[in-house]
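Chemist: Chains S and A are the protein sequences, given in the same order.
For the first sequence, the numbering used here gives the first residue as 1, with consecutive numbering after it.
For the second sequence, the numbering used here gives the first residue as 1, with consecutive numbering after it.
Accuracy of the hints is not assured; some may be wrong.
[What the hints assert, rightly or not] On the chain S side, residues computed to face chain A include the following (Cβ under 7 Å): (1) Ile13; (2) Gly26; (3) Gln31; (4) Ser33; (5) Thr141; (6) Leu197; (7) Gly201.
Don't read these hints as lab results, they were simulated from the structure.
Glycine included, C-beta positions come from ideal geometry on N, C-alpha and C.
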Amino acid sequence: MNDTRSPLQTVFIYLGALLILVWSGGPFIWQFSTSFQLDKALTSGSPSLIPDPFTLEHYYNAFVEKELHRYVWNSLVVSLATTFLCLFVGSLAAFALSRLNVRGRFGILMVILSVSMFPQIALVGPLYLVATNLGLLDTYTALIITYLALGLPLVTWVLFGYFETLPREIDEAARMDGVSVPGLLWHIILPMSLPSLVTTGLLAFITAWNEFLFALAFTSNIDRQTIPVGIANFTNQYYVPWGDIAAASAVVTVPLIVLVLFFQRHIIEGLTQGGIKE
Amino acid sequence: MSAAATVPGIGRPRLGKALPSALWALLLLTPAFVSLASVSFYPIVNGLYLSLTNTSLITQENEFSGFANYVQLWGDAQFWNAWWHTMWFTAASTILETVIGLGMALILCEAFKGRGLVRAAMLVPWAMPTVVTSKMFGWLFDGQNGIINYILLHAGLIDQNINWYGSPDTAMTTIIIADVWKTTPFMALLLLTGLQTVPNSLIEAARMDGAKGWITFWYIRLPLLMPTLLIAGLFRALDAFRVFDLVYVLTGGGPADSTETLSTLSYKVLFSTLQFGYGSAVSTAMFVTEGIIALVFCLYLIRQIRRAQ
């Protein structure tokens, strides 16, 4: 379909593509470059994209002074636990909705979807009171339970969408062979859904890894605070340590970006299939 | 709900006969129900109750006070200030993100070298934690050494450094820019999948008839894309309405309350003054407003779909 394009249109398209590329990647590349530059260079008034001189000082500050690794550990524990719980609970629900005789299944799906649109600030107060009463403040448990519910709607929707694409003849065949309902899920549907499980898992992981509001409200010390809270509190007394912040940003974002780029095709497919279905 | 009835797949044979299968379904759905009921529904109901009390963690009071909180809310200039800011932020960011996103999607719809790379790069803003985005924009738009000021100054677009998020005149704009940066590419990817469902034969046929690009866009692609556009817009608006991380980290609602939104205001009332009763009234009012936005969008969407039929 390129043959109908005039040279002017081609130039226009490449220019637009370049613009999108700079838009998406530019700010983070600058942030990444910032993390390797001395404070002196950053405030000199003549910024340069290539760090000169190159320094790892900010990474040293981030890990040694601000103990970034402790936030990373907390985030890892919370996010991984959330991911597995989300996949477990979400696949049970999606399987029941897709494969079993559930009355009003689309009503249920709509309710699940609308739950994900609740303003989280309306949840945080009452949940804080519950967490206080149960002694769950400053615990991983409080965060994991909350994030499970935050991630569940998306996970259920995307998995449901994927399960719906699996042919129903499989169910029939399995039933003929006398496979039980959990057997069908565990031995047949889940193994067939591995690509979808990986991407939904990634989505749940990102949700938990990036969450800020509940982590801010429920945790008050470095033993349990997650990365977003840690980075939000990255301040020095007399000036804003932009270099240290940039280093920490790079540390927590680069792995995420690598994962996302690796699974990009599945993510876009999974999300559009689950999010916007006409 | 009414959209659900039109989705194909209902009435297809399902596994198992009535009882065991239904029982299994109940069993498998229970964990999800328990999770959503306790973390989403219970707090909403409890918040509604709290908003009718004078609960405060400082005075340790929690007595029923009727609509006192709402009466106070109605006359609270800070609340209305935050309400307007939130509405402005929601409208501006949703419209900008939809329009720019559509533009990006139209470009990505064409075949060109390196399209995979561009598409991959577009996921970067989406995947980045919002707190990191916030700090990143804090550095990009820094009033003294920010690269944006440097570029604008050297391009001759401004005469002196702008104190972007440090001045009440520009702070909200800066936050909107940050949000548009973070969310537009993802919006574009959603719209792209919508655009790709528009049959190419339709566009080819129109071109054969001599229709220019602009005409095919306006009369073929856009109408067919409308449902996707509206649904994506709805989700975006509801999400933008809850904005918290960006504002809280970048400006904390300041300077001079010029970026205070409903979420940041509720958070402060809840966790700084510990007035859980009044704070719940603020967040309940927010919930109601969000419900109204969703309702208006849905009604419009239904009307659009009806008209298309």
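Chemist: Failing hints, ascending?
Modeler: 2, 4, 5, 6 and 7
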